Structures are given as C-alpha cells and as structure tokens.
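Participant: Given the coordinates of chain A, work out where chain B should sit on it, guided by the hints.
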Amino acid sequence: AQTVTQSQPEMSVQEAETVTLSCTYDTSESDYYLFWYKQPPSRQMILVIRQEAYKQQNATENRFSVNFQKAAKSFSLKISDSQLGDAAMYFCAYRSRNTGTASKLTFGTGTRLQVTL
Amino acid sequence: DTGVSQDPRHKITKRGQNVTFRCDPISEHNRLYWYRQTLGQGPEFLTYFQNEAQLEKSRLLSDRFSAERPKGSFSTLEIQRTEQGDSAMYLCASSLEFGGFSDTQYFGPGTRLTVL
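Those protein sequences? They're chains A and B, same order as listed. If you use my numbering, the first sequence closes out at 117, no skipped numbers anywhere. If you use my numbering, the second sequence closes out at 1116, no skipped numbers anywhere.
Honestly, the hints are just simulated from the structure, not real lab data. Bear in mind that the values here come from a model prediction, so they are computed numbers and not experimental data. Misleading hints may appear alongside valid ones.
[Unchecked claim] Cross-link-like lysine to any residue pairs, in silico, SDA-like; alpha carbons within 25 Å at most: (1) B:Lys1057 / A:Gln2; (2) A:Lys78 / B:Gln1041; (3) B:Lys1011 / A:Ile46; (4) B:Lys1057 / A:Asn98; (5) A:Lys73 / B:Thr1104; (6) B:Lys1057 / A:Arg95; (7) A:Lys55 / B:Phe1098; (8) B:Lys1057 / A:Tyr25; (9) B:Lys1057 / A:Ala1; (10) B:Lys1011 / B:Phe1045; (11) A:Lys55 / B:Gly1099; (12) A:Lys78 / B:Asp1103; (13) B:Lys1014 / B:Ser1066; (14) A:Lys55 / B:Leu1096; (15) B:Lys1057 / A:Arg97; (16) B:Lys1011 / A:Arg43; (17) B:Lys1057 / B:Arg1015; (18) A:Lys73 / A:Asn98; (19) B:Lys1057 / A:Tyr33; (20) B:Lys1057 / A:Ile46; (21) A:Lys78 / A:Thr116; (22) A:Lys70 / B:Glu1044; (23) A:Lys70 / A:Pro9; (24) B:Lys1014 / B:Leu1116; (25) A:Lys78 / B:Gly1040; (26) B:Lys1071 / B:Phe1045; (27) A:Lys73 / B:Ser1102; (28) B:Lys1057 / A:Glu29; (29) A:Lys55 / A:Glu29; (30) B:Lys1011 / A:Gln44; (31) A:Lys78 / A:Asn67; (32) A:Lys70 / A:Ala59; (33) B:Lys1057 / A:Ser28; (34) B:Lys1057 / A:Thr27; (35) A:Lys55 / B:Ser1102; (36) A:Lys70 / B:Thr1104; (37) A:Lys70 / B:Asp1103; (38) B:Lys1011 / A:Ser42.
Next comes chain A alone, as it looks inside the complex (with noise of 0.2 Å):
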C-alpha cells in the first residue's frame, strides 16, 4: 500500500516571501501521479498543481512549483512571493497510474501554512 508523509504540521512565512512544504511518499510503483491540493478554512479543497511521474520536469503553476526526486520519493511544494490568500492547509496526495482498481488518492496529514504580514 501506498503512504504519503508530511512531516510539517504547520508552517509560517511573511507575505511576499517564499515557502516550501515537504512531502515523501512510499511505493513500488513506477508510474503515478503525485498532486498538492489546498483547502482554505472552511472551503473546498482545490487542485494546486499536478506531476507525472514520468515526466522528469518539474510542474510549475504560476507561482506554484514542486521539486520531485523519484528516487529520493520526494515531492515538495515551492510557493514564490506568498499571498494572504495561501493562507490554507496543503495536502500531498499520490495515485497510481493504473486506471483499474488504484484510482483513489491516498493523502498526507497536511501542512497548515499561516502567511503573515
């Protein structure tokens, strides 16, 4: 089965600085995907970014950029000039490419991020 690790409860960064939260993950599969998502308080939980695993460059998203390390089964998010509005909780979430049975995303516990001024 897979896991996934985020060794950061919370985090704190000054607006308009930049942030990286942690993820590892474990597996024994080749091809999967690898995503962050984010639920501010009190709403939805929206996609942030997406990787392949097969893809060796990393996905950016604007301001939004990850650094994966398949070997190291790595996968950390790199928020750039922070805004009020990352203020949320993260979460790091894998799923296998395999479109039979292992469709679900299996998630980390989450990182809250506070941003202040």
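Facilitator: Chain B alone, transformed into the frame defined by chain A:
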C-alpha cells in the same frame, strides 16, 4: 460548469439515526469518489464509481454504509445506525477517465456530519 455540489452541507443527527448525503458531479465526469475527512487528517478513500458501477470499496466502508450512483449521474451515500465515530466531513470528488487519460479529481464542498 458548476463544479461538484453536495447536499446538505451540514447534518446533525442523533446516534442510531440514518442519514443520506447527495453528490452531483461535474456533468461530463464518469468517475465519482467518496472520501471521509476527520479533524486534522487528510481525506481517506471510501469508495468510487465508474458510471453506475461501484468498482472499489475501502475497508473503512462498514456494512452500515452504502453508496449508489443510479444512471451514472448523482450519487448518494447512506449511513445507517449512525455512531459518534461517524462524525466527519464527507467529501465527494469526480473525474473524467477514458483509455489511458486520467483527469484530476475535483472536489465538492463536503457534508459535515455531527452525530450526537
């Protein structure tokens, strides 16, 4: 595209009562997922449907839980004889899958269940 919707948003019930939640996925999405999220934790997979077929169920889904997706559109999740341990946020997500293409799962706002 109105996104994934869930109803109700909040439900308070007494232990032993039955509850039913509804999820309406994004219209063209053929896969629908149910997750449960307890306080301070990440969502945990419960079950998912491909069209109307329920393809996988987690061991978390006890006999008191049943899910349906008639006609491959909306889905319902019913919990019978609720227990205090069922208190959680129940999240629905949907995605489009065909051939080798696998889309992202998009989440609804969730239904927060409180069992007294």
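Participant: Taking the numbered hints from earlier one at a time, note which ones the structure violates and give those numbers from smallest to largest.
Facilitator: none
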